[in-house]
Every structure is written in structure tokens, then in C-alpha cells.
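*Asks:* In order, the protein sequence lines correspond to chains A and B. Here the first sequence is numbered in the numbering used here, starting from 1 and rising by one per residue. Here the second sequence is numbered in the numbering used here, starting from 1 and rising by one per residue.
Any given hint might turn out to be false.
What the hints assert, rightly or not - Result set (DSBU-like, lysine-lysine): computed pairs, CA atoms no more than 35 Å apart in a straight line: (1) K42/B / K66/A; (2) K41/A / K20/A; (3) K42/B / K20/A; (4) K42/B / K55/A; (5) K41/A / K14/A; (6) K55/A / K20/A; (7) K41/A / K56/B; (8) K41/A / K42/B; (9) K42/B / K14/A.
Said to hold, decoys possible - Reference excerpt, derived from the structure (chain A facing chain B, CB under 10 Å, subset only): (10) A2; (11) V3; (12) Q6; (13) Q38; (14) K41; (15) Q42; (16) T49; (17) S54; (18) F91; (19) V100; (20) N106; (21) T109; (22) G111; (23) G113; (24) R115.
Stated by the list, open to error - The following label-pair restraints were derived from C-beta to C-beta distances: (25) S82/B / S54/A: 36 to 44 Å; (26) S83/A / R28/B: 42 to 50 Å; (27) T80/A / K42/B: 19 to 27 Å; (28) A17/B / N70/A: 43 to 51 Å; (29) S83/A / P10/B: 37 to 45 Å; (30) D78/B / G53/A: 41 to 49 Å; (31) R77/B / K66/A: 39 to 47 Å; (32) G29/B / E59/A: 17 to 25 Å; (33) I12/A / N53/B: 47 to 55 Å; (34) S9/A / R60/B: 25 to 33 Å; (35) E63/A / K42/B: 25 to 33 Å; (36) S15/A / S69/B: 45 to 53 Å.
These are computed hints drawn from the structure, not numbers from a lab. Note that the Cβ used here is the ideal one computed from N, Cα and C, for glycine as well.
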Amino acid sequence: GAVVSQHPSRVICKSGTSVKIECRSLDFQATTMFWYRQFPKQSLMLMATSNEGSKATYEQGVEKDKFLINHASLTLSTLTVTSAHPEDSSFYICSPLMEVQRSGANVLTFGAGSRLTVL
Amino acid sequence: QKEVEQNSGPLSVPEGAIASLNCTYSDRGSQSFFWYRQYSGKSPELIMFIYSNGDKEDGRFTAQLNKASQYVSLLIRDSQPSDSATYLCAVNPFFQNFVFGPGTRLSVLP
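With these hints in hand, go ahead and build the complete structure from the sequences.
*Replies:* In C-alpha cells, the structure reads:
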């Protein structure tokens with residue numbers, strides 16, 4: 001179990017354009033989705049938390065109007081980077097929360113990540 | 001401030017040796033504890049999780065949890081060069097978001 005599909009894996013775009021990253025949990029349903037960003041040689045940085053059907057909660061310093069998150073279903077969440085600029089170049093990783101049956105534990109799974117380069 | 005601390009390394013061990021990775025956390029209310037492995041340029045992948053005191057073994061990996069000491073560790077037996085990666089400790093405080101440590105970089109020397 002815990003198959004997560006994230007697309008695109010790499011994207012290069014011009015400054016000022018918007019980029020949409022899609023994340024699907026293929027064999028489980030995720031009520032909660034986390035979106036992380038990671039700059040080279042740095043730690044994971046949580047950007048936002050979204051619950052299916054609700055507005056996302058953004059971490060301090062993350063612009064909600066710039067990073068639009070949609071979590072319309074239990075298996076699909078999208079992150080749109082609007083009006084991207086070179087400083088938005090980073091590795092974006094989705095992380096659906098999966099409930100492990102019989103253990104009661106919730107486990108963070110990860111997509112393969114999307115490497116965004118803004119020229 | 002809920003914190004998870006790890007030695008950043010790099011931790012270097014010879015091939016075939018036991019690698020020991022350590023993690024401490026500050027929130028006594030933490031319920032679940034996770035170890036992830038992250039190769040350079042890739043996203044993290046789950047190695048194992050533990051939520052009861054004691055040891056949990058999975059193949060060459062053993063997680064050890066001591067809630068009284070707020071300490072969790074990961075042992076990798078018979079270390080291989082392919083185990084060279086950054087190992088992330090993550091803690092899940094009750095009803096709260098996961099908190100990640102900064103990671104320990106492990107290098108297994110052939």
C-alpha cells in the first residue's frame with residue numbers, strides 16, 4: 001500500500017507563469033495532505049496542511065495567494081504556484097497522511113517530489 | 001517549541017558495520033515516531049515507525065524507543081553503501097502535525 005503519484009517530476013517555467021503540481025494517493029484515501037518544500041541541502045519545510053473539502057492552513061511566511069492548494073477529493077490534491085519567480089525554484093513534495101489499519105497510527109507518506117526551476 | 005534533534009553528521013561507518021542513528025524530542029505528548037530515509041535529490045521514504053517502548057525490528061533495521069528518556073534510535077545492521085543517505089527522525093505529537101529533525105547524513109564506506 002501507500003502508493004503516491006506526484007506530477008510533474010520536473011518543470012521549468014518562465015518567471016511570471018503559474019505551475020500546477022498534482023498529487024494522488026492511488027491505493028488509499030487521504031483526509032489530510034501536507035505540502036513541503038525543500039531547498040538544496042536544507043531540511044523539509046512544511047508549507048501548508050489541507051483537509052479534504054476545507055481550506056488549507058498555511059505556515060507562517062507562506063503566502064496563501066501565491067501557493068494555492070486544492071484538496072477536492074480524498075485521493076487528489078493540487079498545489080499551484082502562481083506568478084512564479086526564480087526564488088520559488090525548489091523541490092516540492094506532497095505528503096498524504098495514511099491511516100495504518102489495526103495500529104491506529106497515522107503515517108506520513110510522500111510523493112516523489114516535483115523539482116521546479118523558474119527562469 | 002516542539003523540537004526534534006539529531007546529530008547532523010556525517011556519520012561514517014565501514015561496510016558491514018552497525019550504524020546507530022539517534023534522535024531526541026522535546027514533547028512528552030508525542031505518540032508516534034518515524035524514521036525516513038532520503039537519498040540526495042529524492043523525496044523521503046518510510047523505513048519504519050514505532051509507538052511502544054522497546055525495540056521493533058524489520059530486516060536489517062531496528063528502531064528503539066524510550067519515552068521516559070524521550071529518545072528514539074535506528075540501528076542498521078550489516079550496513080551497505082546503498083544505505084548512504086540522510087535519515088530523518090519524525091515525531092507525531094498527539095493530534096498535531098509531524099515534526100521532523102534536521103536529519104543525519106550517513107556514509108557507508110566500501
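*Asks:* Taking the hints in turn, state whether each one holds.
*Replies:* Results of checking the hints against the structure:
| no. | hint | in the structure |
| --- | --- | --- |
| 1 | K42/B / K66/A | holds, 25 Å |
| 2 | K41/A / K20/A | holds, 24 Å |
| 3 | K42/B / K20/A | holds, 19 Å |
| 4 | K42/B / K55/A | holds, 28 Å |
| 5 | K41/A / K14/A | holds, 24 Å |
| 6 | K55/A / K20/A | holds, 17 Å |
| 7 | K41/A / K56/B | holds, 30 Å |
| 8 | K41/A / K42/B | holds, 12 Å |
| 9 | K42/B / K14/A | holds, 24 Å |
| 10 | A2 | holds, 8 Å |
| 11 | V3 | violated, 12 Å |
| 12 | Q6 | holds, 8 Å |
| 13 | Q38 | holds, 8 Å |
| 14 | K41 | holds, 9 Å |
| 15 | Q42 | holds, 9 Å |
| 16 | T49 | holds, 6 Å |
| 17 | S54 | violated, 15 Å |
| 18 | F91 | holds, 8 Å |
| 19 | V100 | holds, 8 Å |
| 20 | N106 | holds, 7 Å |
| 21 | T109 | holds, 7 Å |
| 22 | G111 | holds, 6 Å |
| 23 | G113 | holds, 4 Å |
| 24 | R115 | holds, 8 Å |
| 25 | S82/B / S54/A: 36 to 44 Å | holds, 41 Å |
| 26 | S83/A / R28/B: 42 to 50 Å | holds, 43 Å |
| 27 | T80/A / K42/B: 19 to 27 Å | holds, 23 Å |
| 28 | A17/B / N70/A: 43 to 51 Å | holds, 47 Å |
| 29 | S83/A / P10/B: 37 to 45 Å | holds, 39 Å |
| 30 | D78/B / G53/A: 41 to 49 Å | holds, 47 Å |
| 31 | R77/B / K66/A: 39 to 47 Å | holds, 46 Å |
| 32 | G29/B / E59/A: 17 to 25 Å | holds, 21 Å |
| 33 | I12/A / N53/B: 47 to 55 Å | holds, 48 Å |
| 34 | S9/A / R60/B: 25 to 33 Å | holds, 29 Å |
| 35 | E63/A / K42/B: 25 to 33 Å | holds, 27 Å |
| 36 | S15/A / S69/B: 45 to 53 Å | holds, 50 Å |
When the structure is compared with the earlier hints, violations turn up for hints 11 and 17 and for no others.
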